[in-house]
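From just these sequences and the hints, can you work out the full model?
Residues are numbered in my numbering as their position in the sequence shown, beginning at 1, plus a constant of 29.
Honestly, I wouldn't trust all of these hints.
[To be verified] Derived lysine-lysine pairs resembling DSSO-like cross-links, with alpha carbons at most 30 Å apart:
#	residue 1	residue 2
1	K193	K139
2	K197	K139
3	K153	K193
4	K139	K186
5	K193	K213
6	K153	K186
7	K206	K186
8	K213	K139
[What the hints assert, rightly or not] Across the chosen pairs, the derived CB separations fall in these ranges:
#	residue 1	residue 2	range
9	H281	S96	20 to 26 Å
10	A167	T110	39 to 45 Å
11	I208	Y116	43 to 49 Å
12	L185	D155	26 to 32 Å
13	S96	S237	18 to 24 Å
14	K206	L146	24 to 30 Å
Simulated from the structure, these hints should not be mistaken for lab results. Because the structure is a prediction, the values reported are computed rather than measured. C-beta: ideal position from N, C-alpha, C; glycine also.
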Amino acid sequence: YRRYAMFRGEEAFRRAAPHLLRQATFGVAGAIYPKLDWAPRPFRLKTTLQALGENSANAYARAVSVSLPDRLGRLLSADFTKGLGGYDPVSPILDAAGAGALDPVGLAQKIDIETWLPGRMLTKVDRASMAHGLEVRAPFLDHRLAEWAFRLPPHLKIGAGGGKRILKASQEERVGKDILYRAKQGFSPPLAQWLRDPAGPVTRLRDSQLWSASGCFSAPEVYSMIDRHQRGVSDNSQELWMLIMFDAFLRHERF
30 YRRYAMFRGE
40 EAFRRAAPHL
50 LRQATFGVAG
60 AIYPKLDWAP
70 RPFRLKTTLQ
80 ALGENSANAY
90 ARAVSVSLPD
100 RLGRLLSADF
110 TKGLGGYDPV
120 SPILDAAGAG
130 ALDPVGLAQK
140 IDIETWLPGR
150 MLTKVDRASM
160 AHGLEVRAPF
170 LDHRLAEWAF
180 RLPPHLKIGA
190 GGGKRILKAS
200 QEERVGKDIL
210 YRAKQGFSPP
220 LAQWLRDPAG
230 PVTRLRDSQL
240 WSASGCFSAP
250 EVYSMIDRHQ
260 RGVSDNSQEL
270 WMLIMFDAFL
280 RHERF
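Written as structure tokens, this is what we have:
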């Protein structure tokens, strides 16, 4: 993932500067700096500044979380937050990181192997592929291949040309280089655009009472998120999509 290279760069800085110094400078700067979702990418520095002020595991948690801690705190209702009894959703990532002295790429991979892959990527890909009678990724999940790959030095995983260096090199005699080394083309849906359409999926949140009746979320904050997103002031697409899916789950289950 592209975030591996970013995390590796951040981690080099974190390991070179004392934590207290980073917390006092970048942590404070990140708290003050506005979240400019509408601005060009080079000016969206808030999350990066905050990450530079934190330890490795907490910084990586920011990179993979659906909602950042400050947003999540506002999104959840006070009663629901109290009922969590102090549970922190970052805990699984901190547990996966452990206390071992791994290189940055190895640390990111370890966290992903224990959280991101089984909880998200492999689950949805397996459901979608098996619905059409396809086996996807099976060779890459063989434990012997995974264990061998995990032991590789970092420079063989990510290089100047991006990731998957060995995988691409191994297929040069079978697949044309113009395909192997072309820019990655993801298949993420245009959520932000969909949810800015007044007649789009966001209407489900406005019309439904199920999510608000659950008591889990702050209704004023949800409506504020919808308004800010549709005006282009901020990008709340991940949080709003999560709420749409939660509402659909409640509609289907009918507790």
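Right, here's what the structure says about each hint:
1. For the hint pairing K193 with K139, the CA-to-CA distance comes to about 16 Å; that is within 30 Å, so the pair holds.
2. For the given pair, K197 sits about 22 Å from K139 by alpha-carbon distance, which is consistent with the 30 Å threshold.
3. For the suggested pair K153 and K193, the alpha carbons sit about 22 Å apart, so the restraint of at most 30 Å is met.
4. Restraint check for K139 and K186: satisfied, since their Cα atoms lie roughly 14 Å apart, inside the 30 Å limit.
5. With a C-alpha separation of about 11 Å, the suggested pairing of K193 with K213 holds against the 30 Å cut-off.
6. With a C-alpha separation of about 25 Å, the suggested pair K153 and K186 falls inside the 30 Å cut-off, and the hint holds.
7. Using a Cα cut-off of 30 Å, the hinted pair K206 and K186 holds, with the two alpha carbons roughly 18 Å apart.
8. A distance of roughly 23 Å separates the Cα atoms of K213 and K139; the hinted pair therefore holds under the 30 Å criterion.
9. Checked against the hint of 20 to 26 Å, the C-beta distance between H281 and S96 comes to roughly 23 Å, which is consistent with it.
10. Range check, A167 to T110: about 41 Å between beta-carbon atoms, so the 39 to 45 Å window is met.
11. As the Cβ distance of I208 to Y116 is approximately 45 Å, the hint placing it in 43 to 49 Å holds.
12. The hinted range of 26 to 32 Å is satisfied by L185 and D155, whose Cβ atoms lie roughly 28 Å apart.
13. At roughly 20 Å, the beta-carbon separation of S96 and S237 lies within the given 18 to 24 Å, and the hint holds.
14. The hinted range of 24 to 30 Å is satisfied by K206 and L146, whose Cβ atoms lie roughly 28 Å apart.
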